[in-house]
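Engineer: Now for the letters of each chain:
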Amino acid sequence: MATDGDGDGLRGVAAAARALADDLGAGAADVVAAAESVAWEGLAADAARATARAGADRLDRTVRALLDAAAAVDRHADAVGRAGGDGWWPW
Amino acid sequence: MALVSARVSGPESGPVSGPVSGAGSRLRVVGGAGGVVAGADDLRDLATAYDELGDRVRRTGRAVLGLAADPDLLASAVRGPTTFAEAEAALVAAALGPDGALRGAATWEADAVAVRATAAGLVAADRLAAQAVGRVAHRLGGLLGPGALGPALALGAAASVAAPPLVEPLAALAGGTVDGSHPLLPAGAAGTAGAAGLLAATYGPEGAPVVTRRSDLDRAPAPPRDVADLIGGLAGVAALAGTAPGAVAVDTLVGADGTRRHVVHLPGTDDMTTWPWTRDGDARDLGANLRLASGSPMTYGAGVLRAMAEAGVGPDEPVLITGHSQGGMAATALAAAARSGEVPFDVRQVVTAGSPATPLSATLGGAGARGVEVLALEHRGDPVPHLDGTAPVDAPHRVTVIFGGDGAVPGAAGGAGGADPVDRHGLRHYVAGAAAADASDHPSLVAQRDRLADLGFLDARRVERRVFTVGRDEP
Numbered sequence: 000m001a002t003d004g005d006g007d008g009l010r011g012v013a014a015a016a017r018a019l020a021d022d023l024g025a026g027a028a029d030v031v032a033a034a035e036s037v038a039w040e041g042l043a044a045d046a047a048r049a050t051a052r053a054g055a056d057r058l059d060r061t062v063r064a065l066l067d068a069a070a071a072v073d074r075h076a077d078a079v080g081r082a083g084g085d086g087w088w089p090w
Numbered sequence: 000m001a002l003v004s005a006r007v008s009g010p011e012s013g014p015v016s017g018p019v020s021g022a023g024s025r026l027r028v029v030g031g032a033g034g035v036v037a038g039a040d041d042l043r044d045l046a047t048a049y050d051e052l053g054d055r056v057r058r059t060g061r062a063v064l065g066l067a068a069d070p071d072l073l074a075s076a077v078r079g080p081t082t083f084a085e086a087e088a089a090l091v092a093a094a095l096g097p098d099g100a101l102r103g104a105a106t107w108e109a110d111a112v113a114v115r116a117t118a119a120g121l122v123a124a125d126r127l128a129a130q131a132v133g134r135v136a137h138r139l140g141g142l143l144g145p146g147a148l149g150p151a152l153a154l155g156a157a158a159s160v161a162a163p164p165l166v167e168p169l170a171a172l173a174g175g176t177v178d179g180s181h182p183l184l185p186a187g188a189a190g191t192a193g194a195a196g197l198l199a200a201t202y203g204p205e206g207a208p209v210v211t212r213r214s215d216l217d218r219a220p221a222p223p224r225d226v227a228d229l230i231g232g233l234a235g236v237a238a239l240a241g242t243a244p245g246a247v248a249v250d251t252l253v254g255a256d257g258t259r260r261h262v263v264h265l266p267g268t269d270d271m272t273t274w275p276w277t278r279d280g281d282a283r284d285l286g287a288n289l290r291l292a293s294g295s296p297m298t299y300g301a302g303v304l305r306a307m308a309e310a311g312v313g314p315d316e317p318v319l320i321t322g323h324s325q326g327g328m329a330a331t332a333l334a335a336a337a338r339s340g341e342v343p344f345d346v347r348q349v350v351t352a353g354s355p356a357t358p359l360s361a362t363l364g365g366a367g368a369r370g371v372e373v374l375a376l377e378h379r380g381d382p383v384p385h386l387d388g389t390a391p392v393d394a395p396h397r398v399t400v401i402f403g404g405d406g407a408v409p410g411a412a413g414g415a416g417g418a419d420p421v422d423r424h425g426l427r428h429y430v431a432g433a434a435a436a437d438a439s440d441h442p443s444l445v446a447q448r449d450r451l452a453d454l455g456f457l458d459a460r461r462v463e464r465r466v467f468t469v470g471r472d473e474p
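Listed in order, the protein sequences are those of chains A and B.
Numbering that gives the first Met the number 0 applies: residue 0 is where the first sequence begins, and numbers increase by one.
Numbering that gives the first Met the number 0 applies: residue 0 is where the second sequence begins, and numbers increase by one.
By construction, these hints were calculated from the structure, which means they are not laboratory data.
The beta carbon of each residue, even a glycine, is placed where N, CA and C say it ideally should be.
Keep in mind that the hints are not guaranteed to be accurate.
With beta-carbon atoms standing in for the labels, derived distance ranges [unchecked claim]:
(1) Ala-53(A) - Ala-88(B): 19 to 29 Å
(2) Ala-49(A) - Leu-73(B): 34 to 44 Å
(3) Ala-25(A) - Val-112(B): 15 to 25 Å
Assemble the whole structure, with the sequences as input and the hints as a guide.
Structural biologist: Written out as structure tokens, the structure reads:
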């Protein structure tokens with residue numbers, strides 16, 4: 000891997016973050032499906048399902064955080080690619 | 000036919016005798032604990048899924064931190080420090096922030112622990128119930144002898160015929176007859192009603208009663224002339240429950256002078272193996288038994304009251320309620336409610352067959368206009384009426400007739416003197432036992448028959464039967 004901070008390397012970081020987000024998103028779907036498959040009713044089962052749904056929501060937020068991070072890395076790659084810098088640095 | 004002895008418990012006791020017939024039907028006993036195990040297994044699987052997801056999320060968090068330290072990313076800082084800082088912050092937040100993966104991993108693992116605890120609690124509760132049934136079986140062993148323990152244990156699932164079999168030992172475990180408290184039951188739950196209420200709460204809201212008129216099932220019996228006819232009428236309604244769960248009947252007795260009285264027949268439990276997760280539209284189930292024992296409002300009772308109203312039972316028309324097993328407990332509850340003025344019916348008499356006494360029995364009686372008396376039939380060898388754990392109530396308003404048994408017919412499996420306690424709970428024996436009571440000249444029974452006649456329940460000219468089914472909306 001190049002270590003000079005080029006655009007391709009940064010795009011790879013963003014892609015890796017997106018891949019991790021996709022993986023977690025699939026996990027959320029799996030766990031909700033597992034909770035819904037508990038084939039009985041009652042307070043405990045309802046609590047288990049509610050826990051799973053809350054966990055899935057939590058996981059969705061983590062996925063969004065990862066996608067936000069990937070987007071931020073992409074923006075950084077864009078900035079690096081446009082002018083070799085974002086203009087703030089003095090040289 | 001076998002001639003067997005009977006005993007009367009009441010203000011005046013003495014021997015009576017009468018004929019009791021042979022083989023009869025069995026209670027149906029199915030399922031039960033398997034549902035608990037299946038549910039616990041599902042929860043354990045769910046906990047495993049949580050654990051695996053927690054591992055996955057943790058690996059993701061570490062990978063994200065690795066991305067934040069990626070050499071390319073770090074090397075690019077000098078070429079775009081602002082956007083670099085934003086990207087770094089976003090990556091670190093995705094790993095360590097409030098919604099970050101590493102924090103989420105810990106939460107998933109905590110959830111897994113909670114779900115496993117739920118599964119363990121479910122199994123432990125089931126074990127507690129099994130212990131309760133075991134205590135009942137032990138008690139039955141004393142009543143019936145070692146050879147009867149097998150059937151008695153088989154009856155364990157059927158013990159939900161009435162709440163005390165399940166609940167009373169639970170109460171004992173919770174501190175009723177054993178000092179201290181059980182860890183699964185919170186403080187204050189000691190006592191039959193408390194334990195029953197606790198268990199009933201696991202069933203959640205019951206839903207509204209659904210009362211359906213079933214005129215297609217109306218088959219008016221001959222006007223009753225004695226107690227055997229009354230129990231025979233109950234047996235006829237109980238026979239409907241196989242195809243019409245929740246069947247009850249209101250028999251309107253029309254006298255020669257046109258006056259009306261009513262006999263309400265309440266069969267026993269339809270679904271004896273209902274767990275909170277298998278509950279359906281059957282109102283006469285285990286949950287109803289628990290509510291009955293805990294004194295909680297019961298959809299079935301409300302449905303019976305609605306059926307009585309729809310049948311045109313007037314507030315001042317005398318009512319007699321017959322009940323088998325759980326039906327007898329429900330009859331007692333309804334009579335107690337009527338006596339206290341909670342319901343607008345004039346319940347004057349209860350006749351139970353194979354029912355445990357309930358605490359509400361003590362609230363009946365009284366010689367006034369609202370006085371209620373109870374004639375309780377108990378087949379010797381039928382374990383269910385004994386499972387309240389108390390001796391027959393000796394009170395002026397309650398006459399208990401214990402009939403049959405004594406091994407009078409050795410080896411006659413299923414017969415009155417046979418060894419099958421489940422069979423002994425069958426209504427067929429109770430019709431015969433009622434006939435024995437009718438034939439007795441015991442003063443308490445003579446007084447009961449005179450009372451029934453005075454109230455006009457034994458000299459009607461015709462009977463109008465109205466059959467209803469009582470179920471409930473699934474909540």
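Engineer: Each of the hints needs a verdict: does it hold here or not?
Structural biologist: Taking the hints in turn, this is what the structure says about them:
1. Ala-53(A) - Ala-88(B): 19 to 29 Å: holds (26 Å)
2. Ala-49(A) - Leu-73(B): 34 to 44 Å: For Leu-73(B) against Ala-49(A), whose Cβ atoms are near 42 Å apart, the range 34 to 44 Å holds.
3. Ala-25(A) - Val-112(B): 15 to 25 Å: holds (24 Å)
Taken one by one, the earlier hints all hold for this structure without exception.
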